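As you go down the protein sequences, you meet chains A and B in turn. Quick note on our numbering: the first sequence kicks off at 404 and runs consecutively. Quick note on our numbering: the second sequence kicks off at 29 and runs consecutively.
Worth flagging that the hints you see were computed from the coordinates, not collected in a lab. Predicted model only: the values in this text are computed from it and were never measured. Treat the hints with caution; some may be incorrect.
Stated by the list, open to error - Sample of chain B residues with no beta-carbon within 12 angstroms of chain A, all distances over it, derived:
#1 M53
#2 Q141
#3 D152
#4 A200
#5 D218
#6 L219
#7 G234
To be verified - One-sided excerpt, in silico: chain B residues whose CB lies under 8 angstroms from chain A:
#8 L105
#9 I108
#10 Q110
All C-beta atoms in this analysis are idealised placements derived from N, C-alpha and C, irrespective of residue type, glycine included.
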Amino acid sequence: MEALDIPLARFALLYLLLLLPLYFLQRLKLGLGREVLISVVRMSVQLFLVGIYLKYIFAINSLLLNILWIMVIMVVANLNILKKAGLAVKKLFWPSLAGVACGTLVVLGVFLFLVVRPTPLYDARYMIPLAGMLLGNCMNGNILSLERFYSGLRKSESTFLSYLLMGATLKEAVHPFMREAIRSSLAPTIASMMTIGIVSLPGMMTGQILGGSFPLVAIKYQIMIMIGIFTSLVISMVASLYLSLPFAFDRMQMLRPEIFAGKKKR
Amino acid sequence: MISFDAVTIGMQGRILMQDVSFSIMAGEKVVLCGKSGSGKTTLLKALVGGARITQGVIRVNGLAVLSENILQIRQELAYIPQEPSVSQETAAEDLLLPFSFKAHSGKEPTTAQIEAVLGRLLLDPVILRQKSATLSGGEKQRLVIARAILLNKRIFLADEITSALDAESKNAVFTFLLESEHTVLSISHDLEWIGRCNRVFIIENGILREEK
Ligand SMILES: Nc1ncnc2c1ncn2[C@@H]1O[C@H](COP(=O)(O)OP(=O)(O)OP(=O)(O)O)[C@@H](O)[C@H]1O
Ligand SMILES: [Mg+2]
Numbered sequence: 404m405e406a407l408d409i410p411l412a413r414f415a416l417l418y419l420l421l422l423l424p425l426y427f428l429q430r431l432k433l434g435l436g437r438e439v440l441i442s443v444v445r446m447s448v449q450l451f452l453v454g455i456y457l458k459y460i461f462a463i464n465s466l467l468l469n470i471l472w473i474m475v476i477m478v479v480a481n482l483n484i485l486k487k488a489g490l491a492v493k494k495l496f497w498p499s500l501a502g503v504a505c506g507t508l509v510v511l512g513v514f515l516f517l518v519v520r521p522t523p524l525y526d527a528r529y530m531i532p533l534a535g536m537l538l539g540n541c542m543n544g545n546i547l548s549l550e551r552f553y554s555g556l557r558k559s560e561s562t563f564l565s566y567l568l569m570g571a572t573l574k575e576a577v578h579p580f581m582r583e584a585i586r587s588s589l590a591p592t593i594a595s596m597m598t599i600g601i602v603s604l605p606g607m608m609t610g611q612i613l614g615g616s617f618p619l620v621a622i623k624y625q626i627m628i629m630i631g632i633f634t635s636l637v638i639s640m641v642a643s644l645y646l647s648l649p650f651a652f653d654r655m656q657m658l659r660p661e662i663f664a665g666k667k668k669r
Numbered sequence: 029m030i031s032f033d034a035v036t037i038g039m040q041g042r043i044l045m046q047d048v049s050f051s052i053m054a055g056e057k058v059v060l061c062g063k064s065g066s067g068k069t070t071l072l073k074a075l076v077g078g079a080r081i082t083q084g085v086i087r088v089n090g091l092a093v094l095s096e097n098i099l100q101i102r103q104e105l106a107y108i109p110q111e112p113s114v115s116q117e118t119a120a121e122d123l124l125l126p127f128s129f130k131a132h133s134g135k136e137p138t139t140a141q142i143e144a145v146l147g148r149l150l151l152d153p154v155i156l157r158q159k160s161a162t163l164s165g166g167e168k169q170r171l172v173i174a175r176a177i178l179l180n181k182r183i184f185l186a187d188e189i190t191s192a193l194d195a196e197s198k199n200a201v202f203t204f205l206l207e208s209e210h211t212v213l214s215i216s217h218d219l220e221w222i223g224r225c226n227r228v229f230i231i232e233n234g235i236l237r238e239e240k
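Please put together the full structure from these sequences, using the hints given.
In structure tokens:
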């Protein structure tokens, strides 16, 4: 079974639909029009390019190419994490990349080798979308946790210092900050697990059902995805935070101001 | 015991403090005054390696404040920051936070010791069961002071620690810190506190001078 294709003329209708939100934004004088247009154009172009790219990747289906692709999207995700978290790419590129890689690859491995077991194991139709989905979630989670952790430390530097004077090691002194950052960054994911299926059918499941999968199969995949997302999220958050510590503190155990991107002139 | 020798501290290209020199003997009670933003907190932080200095040497018990000595220096001092902050679930966990660190594990104070310290700061022990987030400003401030006291340190760095306290509990803190053999380097705008210290330093336009 295949999903109904949408003819081009009717597809264009979708873009007309955008006039509605644009009208409201205009009326409210939010001044977001330009930004919205740019983001819609980018979204469309990127998805089409990826669609074309994926077509070839699926056709060629080579292990090497798949690995290369995953490496590329990991680097892109990592750059995005550091940029959005306001951290200096130069200082934290490697530890943050390693954290994201840990979270994504461990879960991807379990999915492919133990749970789904496609043939071949590296089948691009499974490997690529699963990696992309895990990575996308790790990316959003790590943006939150890194941003909260380091901005929290910067804001409460005196408190952190007072912990060091109470005999805390570096790890002990950052622990309260880490706990807070992880807790608040996981909250949205936990909340979405609580309500999933009641209100919203998640994107992948909707896609599969539209694509003709029997709902029970789609549900199994969805549960796998939710557990996988949560697991990879926690692993990548914890790994990124811990791995970044040696790069973020100086020999006096104080936060290096250089790790923040775009130091503003006072 | 504590000495600053021609210390200059710069902050993002501008000089905050220039050529600061002084020394403090064991047991002295020193208070640092100056306008907001004059660098008082930065000076205290520099003493425990929490702010970078551009020039000069700071010494604590003869040891220069450098990375190779920093762990030993930090053992000697207690630092009570300007904004008391609590991070644990309950007040008891916050009070005993230092004893969850490896450095002090197994050295938890007894209930009697805890109650004695809380009593001296006029804190009712029932607050220990309270959620930390619900403590009042003055209770938080005293809880953080109590936490520093429980570690039995000899040198206290105290950054405006009585700002949220009423006359009675302020007096209790005065008595503990200023009528003891502890060495105290403090920041305060409180005239009574200033009056009870032996030495008064003033920072103005990046220069530190002692008021005689
Ligand atoms: N991490 C930092 N980065 C940049 N500037 C800083 C930093 N810390 C302090 N400053 C600046 O250095 C100056 C001195 O700050 P400091 O906190 O030492 O002042 P203070 O005398 O304690 O003031 P207050 O009485 O308001 O507490 C201020 O202008 C402050 O903005
Ligand atoms: Mg201050």
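**Request:** Decide, holds or violated, for the assertion that all CB atoms of chain A are farther than 12 angstroms from the CB of B/M53.
**Result:** Correct as stated: the minimum Cβ-Cβ distance to chain A is 21 angstroms, above 12 angstroms.
**Asked** Are all C-beta atoms of chain A more than 12 angstroms from that of B/G234?
**Response** The assertion about B/G234 holds, with a minimum of 16 angstroms to chain A.
**Request:** Hey, is B/L219 genuinely clear of chain A, shortest beta carbon separation above 12 angstroms?
**Result:** The claim stands: B/L219 keeps its Cβ more than 12 angstroms from every Cβ of chain A (closest is about 24 angstroms).
**Asked** Is it the case that B/A200 keeps its Cβ farther than 12 angstroms from each residue Cβ in chain A?
**Response** Holds, because the least Cβ-Cβ distance between B/A200 and chain A comes to about 21 angstroms, which exceeds 12 angstroms.
**Message:** Does the closest beta carbon of chain A sit nearer than 8 angstroms to the beta carbon of B/I108?
**Reply:** holds (7 angstroms)
**Message:** Hint B/Q110 vs chain A: min CB-CB distance below 8 angstroms?
**Reply:** holds (6 angstroms)
**Asked** Does the no-contact call for B/D218 survive, Cβ to all of chain A over 12 angstroms?
**Response** Non-interface label on B/D218 holds, nearest chain A Cβ at 19 angstroms vs cutoff 12 angstroms.
**Prompt:** Does the no-contact call for B/D152 survive, Cβ to all of chain A over 12 angstroms?
**Reply:** holds (24 angstroms)
**Prompt:** Under the criterion of a CB-CB separation shorter than 8 angstroms, is B/L105 in contact with chain A as hinted?
**Reply:** holds (6 angstroms)
**Prompt:** Minimum Cβ separation between B/Q141 and chain A greater than 12 angstroms?
**Reply:** holds (16 angstroms)
Going down the numbered hints, you'll see the structure goes against none, and every one checks out.
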